[in-house]
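Chain Y: place on chain Z using the hints.
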Amino acid sequence: MDAPRVVLGVIGADCHSVGNKILDAFFSEAGFHVVNLGVMVSQDEFLDAAVESDAGAILVSSLYGHGLIDCEGLRQKAVERGLDRILLYAGGNLVVGKTAFEEVERKFKAMGFDRVFPPQVDLAAVAELLRKDLRSRKN
Amino acid sequence: MTSNRLDWKDFLAQRRAVLDAWPTGRDVADIEDGLRYQRTIPEDKNFAKVMSRAKASGRTLIQPRAGVALIDDHIRLLRYLETEGTADLLPTTIDAYTRQNRYEEAARGIEKSMTAGTSLLNGFPAVNHGRDGCRKVTEAVRKPVQVRHGTPDARLLAEISLAGGFTSYEGGGISYNIPYAKKVEIGECLRNWQYVDRLAGYYEENGLAVNREPFGPLTGTLVPPFISHTIAILEGLLALEQGVKSLTLGYGQGGNVLQDLAALASLRELADAYFREAGFEDYDLTLVFHQWMGGFPEDEAQAFSVIATGAFVAAAARVEKTIVKSPHEAMGIPTKEANAAGLKATRQVLSMMADQRICADNAVIEREKDLIRREVGALMSAVRTASGDDLVQGIVRAFAGGLLDVPFAPSVFNRGKVLPVRDNEGYIRLFAKGSLPLGDDITSFHKERLQERSKAEGRPVTFQMVTDDIYAISKGKLIGRPK
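Protein chains in written order, with my numbering: chain Z, 846 to 984; chain Y, 136 to 618.
One chain only, chain Z, in its complex shape (with noise of 0.2 Å):
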């Protein structure tokens, strides 16, 4: 079987590039085919790659605040362009100051995200959620 793809990035004008570099090492091991933008992303380069690599998911890491403004509309640019059933997940320091998790989950959910961690999430249990969902949605 095909290891799993998946579009890997940093969004907006935030240069973080440590944490992108670990996790593209670390979803790669872990057996999936990562196409890694890097850092800057935009909401159209995501898009773009994911059309063009068929990826099930989309992985966005925002450490520097401005998570919230520009992620917005990210799920239904996906669905104009045909990417219906792609998995959103969303990383990271998403918003300015410190603010209960539950709160930026639930605006990142309702921005059309399946999935929201904070920074100190243990990676191997992402990778087994984000296996799983893949899973489901070939259903």
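Please keep in mind that the hints were generated in silico from the structure rather than gathered at the bench.
Hints are supplied without guarantee of correctness; some may be wrong.
[Unchecked claim] If you anchor each label on the Cβ, the simulated ranges turn out as follows:
(1) Ala-489(Y) <-> Ala-945(Z): 34 to 44 Å
(2) Pro-963(Z) <-> Lys-612(Y): 18 to 28 Å
(3) Pro-963(Z) <-> Ala-436(Y): 18 to 28 Å
(4) Glu-246(Y) <-> Gly-957(Z): 33 to 43 Å
(5) Asp-525(Y) <-> Arg-926(Z): 20 to 30 Å
Since we're looking at a predicted model, the values are computed, not measured.
Where a beta carbon is used, it is the ideal one built from N, C-alpha and C, also for glycine.
Structure of chain Y alone, referenced to chain Z:
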């Protein structure tokens, strides 16, 4: 080893296009207006003068990072940090859209912040607020204010903020590109920063001191001292060439106390040596130490301890300034209360240390200083060979050939082949040296030190060990040992 000073006619020709990039550029078209305004700023609000005084008196000044979208909120924030936080120096951290010259998005961020009643930008959009908005901010506080950002093309921001009463400007053509941008060509960025330095130099020629501070910590992630030192010295040389006089070079806390003390002592010595060798004498060099720039523990009590160890090193090394973190660092941008708490925690350590002398004769510090001196020497000599008489071209070639290489940087013009890792005592060493032009004596020392750790942990040095080190401090340790 010099790059030519930017010709004034060329500067003025460039200036027109720079100011046309956004409507607020028009307000600073008369360059003399900025000079006239800066003359009204009292000495104790001039960043360069205050840094110089700290050097003379042996004091370490404290400065936070802070910036929000709206002018009145930003003023309230800075006032709180200077009163409640006892900050000696104030910042104005610029938002990420402005850093990428995306002024329309910054404008949307300002509007959305007004509607939301809270800042949705991660800093102060100084270009959008323009000269008068900046003057409102710098006039509203008692302490000198510095622009802190991460902008590869910072020409318009420099024009507006210097005319707006800021007396210090952070950044440089390498340190605000390689860690902060993805596709900005190095030569182009260096030339844009020559413009900024030339502007600062013009203020100096007219008797107005403007402090310039290359960004020392780079990616803030296990950067070995010699890499950041070499880049700081190169940016210092480029700034001096354009007429900058007040120069603050920086280094970010690595975590091993003796390595950090050696790094700070050697940064001052090496910078002086290279500047004098290049023929510069009329400059005022000061140092800034950045408290831990990597990932922080979420727990606020643990975060305070990270802050306190940084404050200790700043005091022991007698640097002129330290940039302070907050207990909210793991969560992103701090509240004003958390920011002030970081300042007060730092102040307590600095005050307790003020009369103590820590860093006397220490053989280990001397060993590390000697190592850094040889490492910086190797890189500087390679850049010099690549330069001919054009330092800008030399730096471009050095990055292309991997003679300069910054770990974990996002720029595609950086090779990214260098991997650092901690040794068995927590010193930052090289696991992969990429194409850095280091001699065998140096690389074998790094290798031996890493073998010790490998043996102690019963595992080979791999990328996993590097990852473990990156997250170690946020998980309560210095070295990322296996469980």
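Quiz item: Okay, which hints does this one fail, numbers in order?
Solution: 4, 5
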